[in-house]
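Visitor: Going down the list, the sequences are from chains A and B. The working numbering applies: residue 1 is where the first sequence begins, and numbers increase by one. The working numbering applies: residue 1 is where the second sequence begins, and numbers increase by one.
Hints listed in this document are in silico derivations from the structure and should not be mistaken for laboratory results. One should not assume that every hint holds.
Note: identical chains are not told apart, hence a pair may lie in one copy or across any two.
Here are the simulated BS3-like cross-link-like pairs (lysine-lysine), alpha carbons at most 25 Å apart as the crow flies [said to hold, decoys possible]: (1) 398 - 334; (2) 163 - 9; (3) 376 - 163; (4) 136 - 9.
2 protein chains.
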Amino acid sequence: MPTVSDRGKLMPDSPIRKLGPLADKAKEMGRKVYHLNIGQPDLPTPPEALEAIRNIDRTILEYSPSEGIRSFREKLVKYYHKFNIEVTVDDIIITTGGSEAVTFAFMSCLDPGDEIIVPEPAYANYEAFAIVAGAKIKSIAADIEEGFALPPIEDFEKLITPKTKGIMICNPNNPTGYLYTQEEMNKIRDLVKKYDLYLFSDEVYREFCYTGAPYISAFHLEGIEQNVVLIDSVSKRYSECGLRIGALICKNEAVRHNVMKFCQARLSPPLIGQIAAEASLDADDSYMLNNYNEYVNRRKFLIDGLNRIDGVYSPIPMGAFYTVARLPVDNADKFCAWLLSDFEYENQTIFMAPASGFYTVPNKGIDEVRIAYVLKKEDLAVCLTILKEALKVYPGSKVREKVAGSEIN
Amino acid sequence: MPTVSDRGKLMPDSPIRKLGPLADKAKEMGRKVYHLNIGQPDLPTPPEALEAIRNIDRTILEYSPSEGIRSFREKLVKYYHKFNIEVTVDDIIITTGGSEAVTFAFMSCLDPGDEIIVPEPAYANYEAFAIVAGAKIKSIAADIEEGFALPPIEDFEKLITPKTKGIMICNPNNPTGYLYTQEEMNKIRDLVKKYDLYLFSDEVYREFCYTGAPYISAFHLEGIEQNVVLIDSVSKRYSECGLRIGALICKNEAVRHNVMKFCQARLSPPLIGQIAAEASLDADDSYMLNNYNEYVNRRKFLIDGLNRIDGVYSPIPMGAFYTVARLPVDNADKFCAWLLSDFEYENQTIFMAPASGFYTVPNKGIDEVRIAYVLKKEDLAVCLTILKEALKVYPGSKVREKVAGSEIN
Chain A
1 MPTVSDRGKL
11 MPDSPIRKLG
21 PLADKAKEMG
31 RKVYHLNIGQ
41 PDLPTPPEAL
51 EAIRNIDRTI
61 LEYSPSEGIR
71 SFREKLVKYY
81 HKFNIEVTVD
91 DIIITTGGSE
101 AVTFAFMSCL
111 DPGDEIIVPE
121 PAYANYEAFA
131 IVAGAKIKSI
141 AADIEEGFAL
151 PPIEDFEKLI
161 TPKTKGIMIC
171 NPNNPTGYLY
181 TQEEMNKIRD
191 LVKKYDLYLF
201 SDEVYREFCY
211 TGAPYISAFH
221 LEGIEQNVVL
231 IDSVSKRYSE
241 CGLRIGALIC
251 KNEAVRHNVM
261 KFCQARLSPP
271 LIGQIAAEAS
281 LDADDSYMLN
291 NYNEYVNRRK
301 FLIDGLNRID
311 GVYSPIPMGA
321 FYTVARLPVD
331 NADKFCAWLL
341 SDFEYENQTI
351 FMAPASGFYT
361 VPNKGIDEVR
371 IAYVLKKEDL
381 AVCLTILKEA
391 LKVYPGSKVR
401 EKVAGSEIN
Chain B
1 MPTVSDRGKL
11 MPDSPIRKLG
21 PLADKAKEMG
31 RKVYHLNIGQ
41 PDLPTPPEAL
51 EAIRNIDRTI
61 LEYSPSEGIR
71 SFREKLVKYY
81 HKFNIEVTVD
91 DIIITTGGSE
101 AVTFAFMSCL
111 DPGDEIIVPE
121 PAYANYEAFA
131 IVAGAKIKSI
141 AADIEEGFAL
151 PPIEDFEKLI
161 TPKTKGIMIC
171 NPNNPTGYLY
181 TQEEMNKIRD
191 LVKKYDLYLF
201 SDEVYREFCY
211 TGAPYISAFH
221 LEGIEQNVVL
231 IDSVSKRYSE
241 CGLRIGALIC
251 KNEAVRHNVM
261 KFCQARLSPP
271 LIGQIAAEAS
281 LDADDSYMLN
291 NYNEYVNRRK
301 FLIDGLNRID
311 GVYSPIPMGA
321 FYTVARLPVD
331 NADKFCAWLL
341 SDFEYENQTI
351 FMAPASGFYT
361 VPNKGIDEVR
371 IAYVLKKEDL
381 AVCLTILKEA
391 LKVYPGSKVR
401 EKVAGSEIN
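Using the sequences and the accompanying hints, generate a full structural model.
Guide: Structure (structure tokens):
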């Protein structure tokens, strides 16, 4: 049998999906599994999108342009304008999800051996896409005690080598929910300018900022317009993860020229997805406001609940719909697997993503999990109870030890 | 400004799409442009697929499994069985078009510097996907005089080095329409077995074989079951290019394990596309038969017509819906560009793909074009007239020279 690629072996297992088989087994045993592991919102897709799909009147489902349907891109120009992001139709290239946008950005800007600096914990698949491009991620761990604020910019600068080509951020952040401040963004801007780096900025959660603090796009930073590659997606914004529609937005023509070659090779992004995504831009304000309010409530409810469980700590996320929480356990990977394979509370259990998969710094996040608040409040209440009960009996629980210890004394 | 990647610079411009801007200009000038350049069928998508899309009753368009929807994969097992391809649900991984299937196959099996051997002319994007994977294509040119039959297997063997990891074929072939014989496939099998290579086999045109000669799938070859990676797509079969749904089919578990990591990184293939593709498998026999008969007629009409034009020669393609024809011109790249920018016949012109982009062997195919017979017969008749008239006046035409010469004598 021929050997498989080393690159494939290097690819990390998805921290979000790797415990899936255990969840499937739990379900086969008749257990209800609450999915807190994956950023799949339970909120409805805009009716405008569903209507557009149902009203498709084509007889042939043909290729669309490699860069995406023009009318959709024109509408996106207006959408970004609302966030003071001033781009032209030519700056916008539609991709097959945000995933493809990151992949094409890396492919177009980085060569094998090139390095990018990423603050961690970070969306796990950045590492995967870097491996696809043969590039290397150098990471700096943010600290849960600091609420996952941007690590000191001096730490970024220390990592810069002649191979460093860029910095990648996610803002608002997945998995931490942190929202970078103007001051932090300015520091990033200065470093990008000083070393003429790319700034890859994943801003798919811009609609979900909860504290009144402003959302600072990479395109709001003056003087680095040619260095910014913005990553976007309709998945989370409109509960349209299944459409696989994203965008790569860049004012640098040389980058776009490269990106278009990768776009042409894969022919076109999904047609129906684009039609639905375009229609979603017509969703009325109440759609987004309802979703927003729902997340505000869930966030408050979840974070309060987590911090009331003995030994659990979660910073207060400012955006997106995740939090990274610290649990009183020996190892969150083991705990999350155990929850699915060995635990049930009233025949129910929870599926969380161990945070270790969001770090490349060894041993970081060993007792942390990412929780997505994509379930309604009543379900989150059950999840909190399950977590609390599980921590009482999990063999590697520090709370259990304490309880056991106090029983002896 | 930071520099862009060398990999991006290496990426070929699409030979199918690179003349697009010239076509756009011609259209802006009010000219009708007949698209013979791209394999975008004008035949209808199955009504079952359109109906499935219109009947979507979901309120959330969520992620599907990374490997694709199970019921779709189950139905594909039965579909392949009809072609004596015996695979299980686990062997089938749904991809975002055949493009992603080729990319993931290369990514999972090949490391940077690894080589694959490809008979040419070949689908241009194999080269692009090889560059994405950092792999190298070594090519052997098939000859138009031999009707693009498989070049001598000894020529393949001569190219094998310690870096050679596989052979890639497309059968029935894009761009030539050639269908490999049992004897040719056996020779490929023996070489694959002897050197323990991968056989990447793109079989997206299996429904379109016109000569009564059997379609030999790579999975029909005994003894190399673990070496075969089959590439498939619903794009051409059902006129569903816009859905972006393909498949990678492989019995080698180690390969599939690698492929699944790339699949998980991009989360999932398009949801609506899968629903439509699954419904397409219910299309009744008359749907495929009508399309088949239409291509049979067009093929006869086009090839007859081409060979009647002075100096033009096309072999008779046995499958798919393309032919590679030799034209009496100095340079087909120039001629195809000239047709769009400088020529019109009754305010109409044709867009053909220069064949040079389907070869990596230098100077091969310099006077050849790929023509897709994806237009109805009446349109093909107009195209033939345009081609004939163009050859009379194109400055680099050899027929023109002859005419001009005979005028002098």
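Visitor: All hints, please: hold or fail.
Guide: Tested hints:
When the C-alpha separation of residue 398 and residue 334 is checked against a cutoff of 25 Å, the pair qualifies only within one copy, where the shortest distance is 14 Å, while the shortest distance between copies is 74 Å. Taking the closest pair of Cα atoms, residue 163 and residue 9 come within 25 Å of each other both inside a single copy (24 Å) and across two copies (18 Å). Taking the shortest Cα distances, residue 376 and residue 163 never come within 25 Å of each other, neither inside one copy (46 Å) nor across copies (54 Å). Proximity of residue 136 to residue 9 under the C-alpha cut-off of 25 Å is found in both arrangements, the shortest distances being 15 Å within a copy and 20 Å between copies.
Checked against the numbered hints given earlier, this structure breaks only hint 3.
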